[in-house]
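Just so you know, the protein sequences line up as chains S and E, in that order. By my numbering, the letter at position 134 of the first sequence is numbered 134, and the numbering carries on one by one without gaps. By my numbering, the letter at position 104 of the second sequence is numbered 104, and the numbering carries on one by one without gaps.
Quick caveat, the hints were computed from the structure, so don't treat them as lab data. Where is the CB? At the ideal position from N, CA and C, for every residue including glycine. There may be inaccurate statements among the hints.
To be verified - Below 30 Å or equal to it, Euclidean Cα-Cα: the simulated DSS-like pairs (lysine-lysine) are:
#1 LYS627(S) - LYS465(S)
#2 LYS333(E) - LYS325(S)
#3 LYS62(S) - LYS153(E)
#4 LYS49(S) - LYS153(E)
#5 LYS338(S) - LYS153(E)
#6 LYS153(E) - LYS364(S)
#7 LYS346(S) - LYS153(E)
#8 LYS333(E) - LYS62(S)
Unchecked claim - If you anchor each label on the Cβ, the simulated ranges turn out as follows:
#9 VAL108(E) - PHE222(S): 34 to 40 Å
#10 LYS122(E) - THR202(S): 27 to 33 Å
#11 MET234(E) - THR165(S): 45 to 51 Å
What the hints assert, rightly or not - Part of the chain S face toward chain E, derived, beta carbon under 7 Å:
#12 GLY78
#13 ILE104
#14 TRP514
#15 TRP756
Here is how the chains run, residue by residue.
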Amino acid sequence: MNYPIWDIANIGGYNLIALISILHVFVAHFAVGGGLFIWLLDLKAQREKSSELNSYLRHHTKFFLLLTMVFGGLSGVGIWFIIGLVHPQATSTLIHNFVYGWAIEWVFFIGEIISLLVYYYKFELLSPKERKLTSFLYFLFAILSLIVVNGILSFMLTPGKWLETRNFWDGILNPSFLPSTLFRSFFAFIVAGVFGYFTTITLKDSIIRRKILIFSSKFILFSIPFLVLSGLWYYDILSDQAKYTTFVLNQQSHIFVKTIFVTTAIITILSILMVLRFNGLIKAVIAIILVPISLLWISGFEFLRETARKPYIIYGYMYSNSILKNQEGEIQGKGILKVSKWVDGKNVQRSLWNSQCSDCHTIKGINRPIAGLLEGTPKLGIEAYLTGQGEIYKYMPRFLGTKTELIQLRDFIDNQIHPQEVEKETEASLDSAPAIQVPSTSTSAQYVLFSWATLGMHCMTDADKFFSILPPANTIHAILIKRGDPPEIVTDGVEVSYEIEAGFEDPSNRLEFWNYVKSLYGLDLKRNFGLAGDTLKGVMKQKDEIFVVDHIPVSPYSSDDKYLPYPLVSIKAIKKQTHELLAQTKVVAPVSTEVGCKNCHGGGWNFKNKVGLSDATATKILKLHDKRHKTNLLKGASKGNPIACASCHGDLATEMKGIEGVLPLSVSIHGFHASYVPFKDSKACMLCHPSSPTGATRCLRDLHVQRDLTCTDCHGSMQKHALSLLKSEANKPKSQVLIEAILKGNQMNVKARKAWIEEPHCLQCHKNFGSPEVSDEIEAHMLYREQRDDVGIPCMACHGPTHALYPATNPYDSKRDNFQPIQYTGRPIIIGSQGSCYVCHTKEPDGPGHHPNMRKKTESGQ
Amino acid sequence: MDLPLPLPEAVPGHPYLFLFLNLLTFLLHIIAMNILLGVTAVLLLDRKISKTALELGMGKTLSIAFAFTVNMGVAPLLFLQVLYGHLFYTSSILMAWYWISLIAILIVAYYSTYAFASSLKKIYLFITFICVLWTAFMFINNMTMMIQPSVFKEYFNNSFGTILNLKEPTLIPRYLHMVTGAIAVSYLFLALLSRLKGYSIDYVSICLKRFFFVSLFQILWGTILVLTLSSDVMVHLLLQIRHMIFLLLGIVCSILAMIYAYKTKIWHCVVFSALTLVFMIITRHNVRSLYLNPYFDLLQLQVSPQTFNLILFLVIFLVGLITVLYLLRLSFKKV
Numbered sequence: 001m002n003y004p005i006w007d008i009a010n011i012g013g014y015n016l017i018a019l020i021s022i023l024h025v026f027v028a029h030f031a032v033g034g035g036l037f038i039w040l041l042d043l044k045a046q047r048e049k050s051s052e053l054n055s056y057l058r059h060h061t062k063f064f065l066l067l068t069m070v071f072g073g074l075s076g077v078g079i080w081f082i083i084g085l086v087h088p089q090a091t092s093t094l095i096h097n098f099v100y101g102w103a104i105e106w107v108f109f110i111g112e113i114i115s116l117l118v119y120y121y122k123f124e125l126l127s128p129k130e131r132k133l134t135s136f137l138y139f140l141f142a143i144l145s146l147i148v149v150n151g152i153l154s155f156m157l158t159p160g161k162w163l164e165t166r167n168f169w170d171g172i173l174n175p176s177f178l179p180s181t182l183f184r185s186f187f188a189f190i191v192a193g194v195f196g197y198f199t200t201i202t203l204k205d206s207i208i209r210r211k212i213l214i215f216s217s218k219f220i221l222f223s224i225p226f227l228v229l230s231g232l233w234y235y236d237i238l239s240d241q242a243k244y245t246t247f248v249l250n251q252q253s254h255i256f257v258k259t260i261f262v263t264t265a266i267i268t269i270l271s272i273l274m275v276l277r278f279n280g281l282i283k284a285v286i287a288i289i290l291v292p293i294s295l296l297w298i299s300g301f302e303f304l305r306e307t308a309r310k311p312y313i314i315y316g317y318m319y320s321n322s323i324l325k326n327q328e329g330e331i332q333g334k335g336i337l338k339v340s341k342w343v344d345g346k347n348v349q350r351s352l353w354n355s356q357c358s359d360c361h362t363i364k365g366i367n368r369p370i371a372g373l374l375e376g377t378p379k380l381g382i383e384a385y386l387t388g389q390g391e392i393y394k395y396m397p398r399f400l401g402t403k404t405e406l407i408q409l410r411d412f413i414d415n416q417i418h419p420q421e422v423e424k425e426t427e428a429s430l431d432s433a434p435a436i437q438v439p440s441t442s443t444s445a446q447y448v449l450f451s452w453a454t455l456g457m458h459c460m461t462d463a464d465k466f467f468s469i470l471p472p473a474n475t476i477h478a479i480l481i482k483r484g485d486p487p488e489i490v491t492d493g494v495e496v497s498y499e500i501e502a503g504f505e506d507p508s509n510r511l512e513f514w515n516y517v518k519s520l521y522g523l524d525l526k527r528n529f530g531l532a533g534d535t536l537k538g539v540m541k542q543k544d545e546i547f548v549v550d551h552i553p554v555s556p557y558s559s560d561d562k563y564l565p566y567p568l569v570s571i572k573a574i575k576k577q578t579h580e581l582l583a584q585t586k587v588v589a590p591v592s593t594e595v596g597c598k599n600c601h602g603g604g605w606n607f608k609n610k611v612g613l614s615d616a617t618a619t620k621i622l623k624l625h626d627k628r629h630k631t632n633l634l635k636g637a638s639k640g641n642p643i644a645c646a647s648c649h650g651d652l653a654t655e656m657k658g659i660e661g662v663l664p665l666s667v668s669i670h671g672f673h674a675s676y677v678p679f680k681d682s683k684a685c686m687l688c689h690p691s692s693p694t695g696a697t698r699c700l701r702d703l704h705v706q707r708d709l710t711c712t713d714c715h716g717s718m719q720k721h722a723l724s725l726l727k728s729e730a731n732k733p734k735s736q737v738l739i740e741a742i743l744k745g746n747q748m749n750v751k752a753r754k755a756w757i758e759e760p761h762c763l764q765c766h767k768n769f770g771s772p773e774v775s776d777e778i779e780a781h782m783l784y785r786e787q788r789d790d791v792g793i794p795c796m797a798c799h800g801p802t803h804a805l806y807p808a809t810n811p812y813d814s815k816r817d818n819f820q821p822i823q824y825t826g827r828p829i830i831i832g833s834q835g836s837c838y839v840c841h842t843k844e845p846d847g848p849g850h851h852p853n854m855r856k857k858t859e860s861g862q
Numbered sequence: 001m002d003l004p005l006p007l008p009e010a011v012p013g014h015p016y017l018f019l020f021l022n023l024l025t026f027l028l029h030i031i032a033m034n035i036l037l038g039v040t041a042v043l044l045l046d047r048k049i050s051k052t053a054l055e056l057g058m059g060k061t062l063s064i065a066f067a068f069t070v071n072m073g074v075a076p077l078l079f080l081q082v083l084y085g086h087l088f089y090t091s092s093i094l095m096a097w098y099w100i101s102l103i104a105i106l107i108v109a110y111y112s113t114y115a116f117a118s119s120l121k122k123i124y125l126f127i128t129f130i131c132v133l134w135t136a137f138m139f140i141n142n143m144t145m146m147i148q149p150s151v152f153k154e155y156f157n158n159s160f161g162t163i164l165n166l167k168e169p170t171l172i173p174r175y176l177h178m179v180t181g182a183i184a185v186s187y188l189f190l191a192l193l194s195r196l197k198g199y200s201i202d203y204v205s206i207c208l209k210r211f212f213f214v215s216l217f218q219i220l221w222g223t224i225l226v227l228t229l230s231s232d233v234m235v236h237l238l239l240q241i242r243h244m245i246f247l248l249l250g251i252v253c254s255i256l257a258m259i260y261a262y263k264t265k266i267w268h269c270v271v272f273s274a275l276t277l278v279f280m281i282i283t284r285h286n287v288r289s290l291y292l293n294p295y296f297d298l299l300q301l302q303v304s305p306q307t308f309n310l311i312l313f314l315v316i317f318l319v320g321l322i323t324v325l326y327l328l329r330l331s332f333k334k335v
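Given the sequences, and given the hints that come with them, work out the whole structure.
This is how it looks when you write it as structure tokens:
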């Protein structure tokens, strides 16, 4: 923002800092620990009056001088250079606040140089006392140098009270200063021992070599327990937020933690071996390999420390992209481009990339390249990532800027990653559905049969090779009414059967569900049988005055290779004893595989470019889940053992218990995605659900659509919807993380509700069953689909199923969803409305009957 | 001027305090660097002097001079960033690849001095010489770019860190003025060292004559440097008393140093050479201020004092200085 960005293309400034810093720190720690090593060894040499030890000391000090003075000194300057180039803003803040610290450290640096030069060049000429003093002074200056520099470095991770006071000493004496100084000191002693081994390789005197090996091992083995203890203290001092973000949310930290543990163990074991008596050649090899192993140790630690500080460069003060935390509000209002000094007017998009992303990412190349991270992710997915960035996974900062800038950055990233591809969203072509004849039922008929699918649309995953969110499982209900005055519900002596439309009898012809149902749901099912044991033709069970068949495996794919998401099911009621046909009708069993994960995750559709979760998308989803949550889902699926999502995320829809403490599926999936989805209206819903008006399903087809109402008018925005579900699981820590991420610091008054069993209700707007008054409140009520009227008739019998309330507009055939109204009244109307009480009543009834206000005229006069 | 100038941050003390520290430590750096560069050049190119120079211990001295050049370079760079960081970081970024590669080049050069100390092979001298010459050239590119913010907009043509300030007319004169100065100072250093070690007056005299001769070139490049300054800056430098006085004093002292060198009055030469350096470093700063005048003045900086820390630094510096002097005394006693 304030400074130009050095375009380092595929390398990334972060990696240059890492390379120079890690090498410097490794040698610098040797400079400190080696100072103690030399001092103590000098005392030992003088105590033992050993000329051999003196000779070794000279030899070791020469190596020490050449490594620490030259490489150590200049690489330290190198850190200054590189941080000024890659992160000038943070460097400037550190310099301007802590210049006296660095000035003091410079004094110590002079002391180090002079004492080491005097010790080395005048070794033979100094008296024993002078040698002791000179070597001690070197060590003293070195460790003081470490203390000062570490004060500044540890400040970056835990600034402590400095955030309020801006006081130099609050910054230096910050919470992690002492534990990290101890931690580094003990590592310094360890690496001194490692190099102690190293410089014995060329020693010919085996007695002296053994003495030095034991001396060096003592350095290492004495330090390791204190290293571990100070390391635990260091970890403990981190804020809860930093711990959670680093070690739970950020998977990158795990390899660094493993590196530290493994290399510590190796160093310990090899140091013990070095004191045992065996072959000198093996010991020489160990001495050599311990150097890169120690370098690996410090690499793991420094990378972990850097990771723990994310998303900040100075924790709680300045983000990695140089934006100050207290500038967020200003930038969200004005945009980042207005407050940046280095905007290239000819290439604004690249300036956005530079200001927001380039500190931590290259496009291609080696620094967390986004070309790899976002491979195959379409524009919308990129936009979603930018929208939700830093809300849940707080190791990244938020995108800061206007919506226009976000779109510009999205387009830049998309062009960089997919220069050739041009996404074109076209309206899905609809396959032609067979024509249907709706018979007319005479008003003199004795019985009338109503039927409905309990869900206005049942979505099924059809990616069973990989996972299952929802299986093929439509539930159909029916009620048989004997016409009369009054009419009565009939169940005794009646059998109600069902049969799927021709062409849909064999879903296993295309669906792979039965190949994996054992793995997914733990059931042995015959082909074409559903989870409750019923198939696509059979007899319904009687339950509470209605007839039901649960979870029949309806598929939207016909045998002639068409996608038809609204197959009809014939329902027939017969007298059990005589098999006399009492009544028959048809009902839509709506089912869709238009599961839109690919809209953000990429991978395309798998059927006629309009529906079906493809293998590529499913693989991507599992990879992401494995990466984020340390699962092995993709591996399990590749071995033929996919699992249902609800096996961990317990879900009332599939009646699976899940794992204790894991959020239920609907809560989890909505709660997680709500902070990413870049829409607040029903466009959000269409991304995943088959409600797009240009899609192949168009599931929202009821009368509300004709009145320009969409999903969010009943369910609330995706954000509100997710919040209401999360609030019902507020006792789980993950809920709080997701709630905070959605709210983004705002307030939103939302009431808790449970998925699948508590939904917004018609009466929210249709107060007392009257004309609607639009309400913003999304309250939980008894489900419409389970509700009955004052005389015990399920609401759906007359009004139709959710999302297909009469009069419905089916995209394939207007008659499909209005079959029963047309059959019984000749018109696509609410059954019983517009004077059609005769459908069930042989005499015109007095009073409202089923519910209040049912005989009140609506605005249209109906 | 519509330039993308970064905003400077507040400083923890009066700007002139940091300016004083910057100039003082820069002086020490220049002395060490002059010995490093100059002695390397002498050993490489001046056969007559180099043999005796080696006897004086110059083989080992180069690596020690390197250590001091680096250490004494750290401090002025630190204080430069306090005062001019917002400009310095920007100019560094424009030449980023050149700038960062200096570290590798200096490591090679530094190790070469040790290799030379143990082998006395000229190839190592040559490597050191080339590397240090290159480093100096890069520093001058950076320092001249830093004081000319109008160059910053070149970033929009090249953001890859490969911009140099080659079009700047003062670049080469400044560079050659510095390089010749380094060689001159190193001859003076050799003369002083040989005097202290009791070498013949002839050798001392030859070194001082070399000093005189090289200084002539330095004056030539210095004159060209002044003439290649931008006209605004040149006018202010030569006509404004508070700027002109230091340049004049510097020139006078350098002429006096040359005269005393010619007369083999070494201590007078040393004193006036030191004064020349002091006044020229101040003049260099004045040129810097004049170039920056349209864009930035040190007194614009906001001050957020840290008085206790300043005192602490001075106390530690004093203690450190005493310790270092003790160690040096110890070292020089052990000959």
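Q) Does the Cβ distance between MET234(E) and THR165(S) fall inside 45 to 51 Å? A) Check passed, 48 Å falls within 45 to 51 Å.
Q. Is the straight-line distance between the alpha-carbon of LYS333(E) and that of LYS325(S) 30 Å or less?
A. Judged against 30 Å, a Cα distance of about 57 Å means the pair is violated.
Q: Just tell me: holds or violated, for the beta carbon distance of LYS122(E) and THR202(S) against 27 to 33 Å?
A: holds (28 Å)
Q) Is the shortest C-beta separation between GLY78(S) and chain E less than 7 Å? A) holds (4 Å)
Q.
Holds or violated: the 34 to 40 Å window for the beta-carbon distance between VAL108(E) and PHE222(S)?
A. holds (38 Å)
Q) Under the criterion that the straight-line Cα-Cα distance not exceed 30 Å, is the pair LYS627(S), LYS465(S) satisfied? A) holds (19 Å)
Q) Are the Cα positions of LYS333(E) and LYS62(S) separated by 30 Å at most? A) Distance ~22 Å between LYS333(E) and LYS62(S) Cα, so the pair holds.
Q: Sort out whether LYS153(E) lies within 30 Å of LYS338(S), counting only the CA atoms.
A: holds (18 Å)
Q) Is the shortest C-beta separation between ILE104(S) and chain E less than 7 Å? A) At about 5 Å, which falls below the 7 Å cut-off, the nearest Cβ of chain E leaves the hint on ILE104(S) intact, so it holds.
**Q.** Restraint outcome when TRP514(S) is required to lie within 7 Å of chain E by C-beta distance
**A.** With a closest approach of 59 Å, the TRP514(S) hint is violated.
Q) Taking 30 Å as the top limit, are the C-alpha atoms of LYS62(S) and LYS153(E) close enough? A) Status violated; Cα separation ~48 Å.
Q) Against chain E, is TRP756(S) within 7 Å by beta-carbon distance? A) violated (54 Å)
When each numbered hint is compared with the structure, violations occur for hints 2, 3, 4, 14, 15.
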